[in-house]
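Below, each chain spelled out in residue letters.
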Amino acid sequence: NAGVMQNPRHLVRRRGQEARLRCSPVKGHSHVYWYRQLPEEGLKFMVYLQKENIIDESGMPKERFSAEFPKEGPSILRIQQVVRGDSAAYFCASSPGQGRTSPLHFGNGTRLTVT
Amino acid sequence: DQQVKQNSPSLSVQEGRISILNCDYTNSMFDYFLWYKKYPAEGPTFLISISSIKDKNEDGRFTVFLNKSAKHLSLHIVPSQPGDSAVYFCAASVSSGATNKLIFGTGTLLAVQP
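Chains as they are written, first to last, in the numbering used here: chain V, 10 to 124; chain G, -6 to 107.
Treat the hints as calculated values from the structure; they're not laboratory data. These figures come from a predicted structure and were not determined experimentally. Be a bit skeptical, because a hint or two may be false.
[Unchecked claim] SDA-like cross-link-like pairs, simulated, lysine to any residue; straight-line CA separation at most 25 Å:
| id | chain 1 | residue 1 | chain 2 | residue 2 |
| --- | --- | --- | --- | --- |
| 1 | G | Lys49 | G | Ser67 |
| 2 | G | Lys49 | G | Gln(-1) |
| 3 | G | Lys47 | G | Gln(-1) |
| 4 | G | Lys94 | V | Asn62 |
| 5 | V | Lys53 | G | Ser78 |
| 6 | G | Lys30 | V | Gln90 |
| 7 | G | Lys94 | V | Pro83 |
| 8 | G | Lys64 | G | Pro33 |
| 9 | G | Lys(-2) | V | His114 |
| 10 | G | Lys(-2) | G | Pro33 |
| 11 | G | Lys61 | G | Asn15 |
| 12 | G | Lys64 | G | Gln(-5) |
| 13 | V | Lys36 | V | Arg87 |
| 14 | G | Lys30 | V | Lys60 |
| 15 | G | Lys64 | G | Ala34 |
| 16 | G | Lys94 | V | Glu50 |
| 17 | V | Lys53 | V | Leu20 |
| 18 | V | Lys71 | V | Pro83 |
| 19 | G | Lys61 | G | Val87 |
| 20 | V | Lys53 | G | Gln(-5) |
| 21 | G | Lys94 | V | Ser67 |
| 22 | V | Lys53 | G | Ala34 |
| 23 | G | Lys49 | G | Phe39 |
| 24 | G | Lys49 | V | His114 |
| 25 | G | Lys47 | G | Ala34 |
| 26 | V | Lys53 | V | Gln89 |
| 27 | G | Lys30 | V | Gly12 |
| 28 | V | Lys71 | V | Arg22 |
| 29 | V | Lys53 | V | Ser67 |
| 30 | V | Lys53 | G | Thr99 |
| 31 | G | Lys(-2) | V | Pro70 |
| 32 | V | Lys53 | V | Glu27 |
| 33 | G | Lys61 | V | Thr110 |
| 34 | G | Lys94 | V | Met69 |
| 35 | V | Lys60 | G | Asn15 |
| 36 | G | Lys94 | V | Arg29 |
| 37 | G | Lys94 | V | Gly82 |
Input sequences plus hints: build the corresponding full structure.
Right, dumping it as structure tokens:
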């Protein structure tokens, strides 16, 4: 039973390039969350998606960031024109339902470094 | 605006003794609390949770206590084992969202000395 799979594990981008982070949820889970952890900080909620729908994107920066969870394939977090402040660990999590009795299952994260 | 605070960045405990990790929150709307454990280069894993209608929840060596009037919760691990060495995150949510949108603290690094 595979858990949440994120790739790549490490991603290095130059300022101005695009970063694409992928997340395959636990099989059967249709709810996906993205969190970001900046150095020395806790995880910060970014966006909550269900298949083909963005449910809550209140934690997403207004510009350059977008997320999708298509009917087929992994969820994608896309960061356009990256800046040094985007360097962080990005964690994806999934759950079978939206209720709080379904704890989140986290992936091992993608560590983005912007040079 | 840190709504969930873990004021101790680190804690060192001897194997076999009790570990107590603390967490304070400011938002009185929070009504569900969780603890996650995180090893280096891995994602957080769920440990234990508590609803605001309770003041204690126990699961094996792990017990979470909630003091709503003080807006404080704590995680007790007894007896502590070297494998418990990790970063522990406290998290909270509000019922109105009915989702897993969690607010995390900054974490406490627990080191259990053999």
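Here is what the structure says about each hint:
Proximity of G:Lys49 to G:Ser67 is assessed by CA-CA distance (about 10 Å); at most 25 Å being required, the pair is judged to hold. Between G:Lys49 and G:Gln(-1), the direct Cα distance comes to roughly 19 Å. Compliance with the 25 Å bound is thereby established for this hinted pair. Simply put, G:Lys47 and G:Gln(-1) have alpha-carbon atoms about 21 Å apart, close enough for the 25 Å limit, and the pair holds. Note on G:Lys94 and V:Asn62: the hinted pairing holds, with a Cα-Cα distance of about 16 Å set against a maximum of 25 Å.
Taking the CA atoms of V:Lys53 and G:Ser78, the gap is near 23 Å; set against the 25 Å cutoff, the hint holds. For the hint linking G:Lys30 to V:Gln90, the alpha-carbon distance of about 33 Å lies beyond 25 Å, and the restraint is violated. Among the hinted pairs, G:Lys94 with V:Pro83 is consistent with the structure: their alpha-carbon atoms are about 20 Å apart, no more than 25 Å. A distance of roughly 29 Å separates the Cα atoms of G:Lys64 and G:Pro33; the hinted pair therefore is violated under the 25 Å criterion.
Taking the CA atoms of G:Lys(-2) and V:His114, the gap is near 23 Å; set against the 25 Å cutoff, the hint holds. For the proposed pair G:Lys(-2) and G:Pro33, the alpha carbon gap of about 21 Å is at most 25 Å, so the pair holds. With a CA separation close to 14 Å, the supplied pair G:Lys61 and G:Asn15 stays within the 25 Å bound. Distance hint between G:Lys64 and G:Gln(-5) is fulfilled; the C-alpha atoms sit about 14 Å from each other, no more than 25 Å.
A distance of roughly 22 Å separates the Cα atoms of V:Lys36 and V:Arg87; the hinted pair therefore holds under the 25 Å criterion. Restraint check for G:Lys30 and V:Lys60: not satisfied, since their Cα atoms lie roughly 28 Å apart, outside the 25 Å limit. Straight-line distance between C-alpha atoms of G:Lys64 and G:Ala34 comes to about 31 Å, which puts the hinted pair past the 25 Å bound. Note on G:Lys94 and V:Glu50: the hinted pairing holds, with a Cα-Cα distance of about 17 Å set against a maximum of 25 Å.
The suggested pairing of V:Lys53 with V:Leu20 holds, with an alpha-carbon distance near 20 Å, which does not exceed 25 Å. Between V:Lys71 and V:Pro83 the CA atoms are separated by roughly 23 Å; this keeps the pair inside 25 Å, and the hint holds. Note on G:Lys61 and G:Val87: the hinted pairing holds, with a Cα-Cα distance of about 14 Å set against a maximum of 25 Å. A C-alpha spacing of about 11 Å is found between V:Lys53 and G:Gln(-5), which places the hinted pair at or below 25 Å, so the restraint holds.
Of the pairs offered as hints, the one joining G:Lys94 and V:Ser67 holds, with about 10 Å between alpha carbons and a cut-off of 25 Å not exceeded. Under the criterion of a C-alpha separation no larger than 25 Å, the hint pairing V:Lys53 with G:Ala34 is consistent with the structure, at around 17 Å. Straight-line distance between C-alpha atoms of G:Lys49 and G:Phe39 comes to about 17 Å, which keeps the hinted pair within the 25 Å bound. Distance check on the hinted pair: G:Lys49 and V:His114 sit about 24 Å apart at the alpha-carbon level, within 25 Å; holds.
Pair hint G:Lys47 plus G:Ala34 does not hold up; C-alpha atoms about 33 Å apart against a cutoff of 25 Å. Note on V:Lys53 and V:Gln89: the hinted pairing holds, with a Cα-Cα distance of about 19 Å set against a maximum of 25 Å. With a C-alpha separation of about 16 Å, the suggested pair G:Lys30 and V:Gly12 falls inside the 25 Å cut-off, and the hint holds. Simply put, V:Lys71 and V:Arg22 have alpha-carbon atoms about 21 Å apart, close enough for the 25 Å limit, and the pair holds.
With a CA separation close to 11 Å, the supplied pair V:Lys53 and V:Ser67 stays within the 25 Å bound. Distance restraint check for V:Lys53 and G:Thr99: the Cα-Cα separation of roughly 10 Å lies within the 25 Å cut-off, and the hinted pair is therefore satisfied. Distance hint between G:Lys(-2) and V:Pro70 is fulfilled; the C-alpha atoms sit about 23 Å from each other, no more than 25 Å. In summary, the hint linking V:Lys53 to V:Glu27 is supported, as the alpha carbons are separated by about 21 Å, within the 25 Å threshold.
Proposed proximity of G:Lys61 and V:Thr110 is supported: the alpha carbons are some 20 Å apart, at most 25 Å. As the CA atoms of G:Lys94 and V:Met69 are separated by approximately 13 Å, the hinted pair is consistent with the 25 Å bound. For the suggested pair V:Lys60 and G:Asn15, the alpha carbons sit about 37 Å apart, so the restraint of at most 25 Å is broken. Restraint check for G:Lys94 and V:Arg29: satisfied, since their Cα atoms lie roughly 23 Å apart, inside the 25 Å limit.
At roughly 23 Å between alpha-carbon atoms, G:Lys94 and V:Gly82 fall within 25 Å of each other, so this suggested pair holds.
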